[in-house]
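Undergrad: Now for the letters of each chain:
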Amino acid sequence: MTFRTITFPLVVAVPAVAGMLLPVASHGDLRVAAGSVGIFIAWWSSIVLASLPYVTAGAVCAHALERLAKAPPFFAIVAMIAPGCDCAGAGYAYAFVRQPPALAAFALVWSAAAGPAALFATYNALGPHLLVARIVGAFAASTLTALLWAVDRRRTETNASMRRGHSCRTSAVYPVPPLRDRVTTALGALAVSALSATTVLVVFGHFAASSSPFVAAASGALMSPCSTSDAVIARVLVHRPASQIAFVLASQTIDVRQLATFARVFGARRAALAAVAGAAGCSIGALCAR
Amino acid sequence: MKHGMKHGMKHATDPVAFAACACIASAATGASAALTSMPWWAVLLTGAMLAACSLREITDRSRKSRSVAASVFGAAFALALPTSAPPAPGVVSTSAVAVVMRGDLFDELGKLDSDPNAVLGTTISVTGAWTPATHDDLATISRRIVSCCAADAIDVGFDVRLERDERIGAGEWVQIEGIVGERVVDGDVRYVLEHSVIRVLEDDATTPR
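Protein chains in written order, with my numbering: chain B, 1 to 290; chain W, 1 to 209.
Just so you know, these hints were derived from the structure itself, not from any lab.
The reader is advised that the hints may include incorrect statements.
Simulated restraints on C-beta separations [stated by the list, open to error]:
| # | chain 1 | residue 1 | chain 2 | residue 2 | range |
| --- | --- | --- | --- | --- | --- |
| 1 | W | V200 | B | F204 | 30 to 38 Å |
| 2 | B | R98 | W | S65 | 29 to 37 Å |
| 3 | B | H129 | W | P39 | 51 to 59 Å |
| 4 | W | V68 | B | F204 | 56 to 64 Å |
Quick caveat: nothing in here was measured; it's all calculated off a predicted structure.
Backbone N, C-alpha and C fix where the C-beta goes; we use that ideal spot for every residue, glycine too.
Chain W extracted, bound-state conformation (with noise of 0.2 Å):
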């Protein structure tokens, strides 16, 4: 084990480099941003660091070649990636968060956790950005928390049912006034906006994302 670890770190540069390419590039368009909550300095610095790392050991000339050929697919692959950012895995959940989240959707999904009685049937407003329905599902209005990356991103909000249709694109920014309910969806308890009426909010202020 140790042996093979020793012998094959001689051919260890190249996935640094590539890392080190694919940080700095991923930086620089901005992908990094939309696809984690790292700061963009934060994942420069990284890619700065291995860098330095992988250039410290270079000593020969095929190595240079490898390393070379390594950075540039890392920055070839980071130039593909998107700059805005991919869908969260899943559904949009009707689950409160924590306590830490403050928005008005988070505050109405928090009331409903800890005394769903209490709001059930009354009448709501809450701001979030809008999923128009499918076939199989209701539309939904969410926010969406983001931890540490696009994949373990978490769509939370309502179901949402239109008093009249509405033709409003995906990932508007809205606002939804509407009577609290539930409904049951393989077991578990959804909470939906019934008889909503919608509002497409242009950029306001008062409602930030």
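Here chain B stands alone, though its shape is the one from the complex (with noise of 0.2 Å):
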């Protein structure tokens, strides 16, 4: 709870030692330290502040709907078709608590790696080929988190029930939060993915650049682009189509602002079960782009 509490403080005020200890540490230029400093702030507030319309629109969105819609399916579908940034799944990841986990997964993975700006970017930046190795990859990688979430449940409902000492099924029944609260998970995920993908930036650059699909998934799980910018980043800096795909997934699918999301939401085994799916969907999407 303490954690929960001042997570937000904290990576607020960690851009800043770190911007700081980072250039007197290598240099011991005081010019130079002074000058990493603020690219280190304006790095991380810059990837803060353009998360935080789609953040707040997501969490609004999310919690509209919930008001006045009860079918779960209906989630799913608005969540996957919304034409907007994956940043918004932050926002309104909350929303799938009281869904079937197997339906929060693939809507939750599709949305980020897979949604339609994403893919509009990818074609103009990637073309169709790699474009539906795209496709491949998100629906394989959406496909296990869902299966793995399910088998997930089941297994901890199993559990539940035996430590009652009877079978029958246990119904978690979760309230409605407040959007305050959705926001403010929403903020806990974005500040630290923001830290991580500045911190990498700092320390390694664009280290994307490397020919290899493992280097360039790594280098996209850290530095968590946006999915309306990923496949222009890749095309930019990863030259070798199965680093590009591999790129553009696990920026999406895993990610340091996804899986604090979903660690935040649904608990660190849903996240670390998500992380593995979505490193097969990742594998796969490369084996498509060759």
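Starting from two chains that each stand alone, build the complex the way the hints lay out.
TA: Okay, structure coming up:
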């Protein structure tokens, strides 16, 4: 609880401290240090500022839809076809807490990895062949995540039933959280992922320029670029098709922002399962791109 | 997990108030326009929505004072942000971007991407922002692509070897005419404009930034 309460202030403070220490340790030049601190804070702030409108819109839309509609598939369909950025997912992930885990997993992973805006950007930047590879990889990651979450839920329910000494299914009842709580959860995930991305950029620069799909995927996962910009970044920085697809899929399925959101909303185990499924989706997508 | 979430949200007003005032102040100062591709009004609207969200839940005095403090801190944080774009991460890339980008520099990179042999050895003229040479790197002419925010900005362009040395400051908008060549750096092919002539553009409406 304490961690949850202090996450955001802590993450706001860390960029300044880290930005001060990194250049001082490496150069010892105060002017360079001051410049690096400024750049570090500017990049971190730019990620948060650019994502906040989507995060807020996602949270507000999910809150409104929950009050208007009750059918679970409705949320999933809206999330998957919403023509926004994947940042919005951090805002509406809360809406899926009360839905079946398989549906939640498929909708959240698919909407991040293969939303309409992401597919459009991929077609323009990387062409039709890699568009198909992205769709196949995203489908594989979404389906595998859904399967793993469904199995995990069944196992959890079985264990809970055994502990209670009878065989009836448990039915968890979650209260509808206030809008502020959704935004706070999303802000925490956003701040952490922005910190990760900024640290990677300051320490390594754009190391995705490697020809290895594995390094490209690691870069995408740590930098967590938006779904509307990942294809353009991949086009410029990554040169092999398999690496480009590994980069874009990892940016949306095993990235820090997505996994931090899953961990905060659904728990660390579900986040770990999503990471495994996402890695498999990246591999399948990369194979399709060859 | 769910219990912790519910309990922890009692203290949740602060980050929302911080973000609300940071959005409003950054939209007002122009920092949001410098750091993101988001229009200022969208950031302002987001700030207003977050502020409404934060104010709605304030019920007691201690929470109110905490929210006020977070708001002030958020506004101060935003006021300290730069109002001009920071440098893009990484080095200038000489790869083509996408078919949707238009401009002489993007067009030439696009031609190089589709058929390098047709362009290599020819003389071309491109416009963009100038970066002088350093001890390790050649000078570059580049244009910046900001898809979303300053952290994912990418500079694309050409390395440049000038015919004769010129003292031109970084960031000047220039036109370069040179012969397209290529070189290999760390295993990657980079395109370079050899024997180049540079011209500083003062206010050239035909070559928009």
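Undergrad: A separate judgement is required for each hint: does it hold in the structure or not?
TA: The hints, checked one at a time:
1. Evaluation of the 30 to 38 Å hint for V200 (chain W) and F204 (chain B) yields a pass: the beta carbon distance comes to about 34 Å.
2. A hinted range of 29 to 37 Å holds for the C-beta pair R98 (chain B) and S65 (chain W), which are about 34 Å apart.
3. Between H129 (chain B) and P39 (chain W), the C-beta spacing of about 34 Å breaks the proposed range 51 to 59 Å.
4. For V68 (chain W) and F204 (chain B), the Cβ-Cβ distance of about 40 Å falls outside the hinted range of 56 to 64 Å, so the restraint is violated.
When held up to the earlier numbered hints, the structure conflicts with 3 and 4 and fits the remainder.
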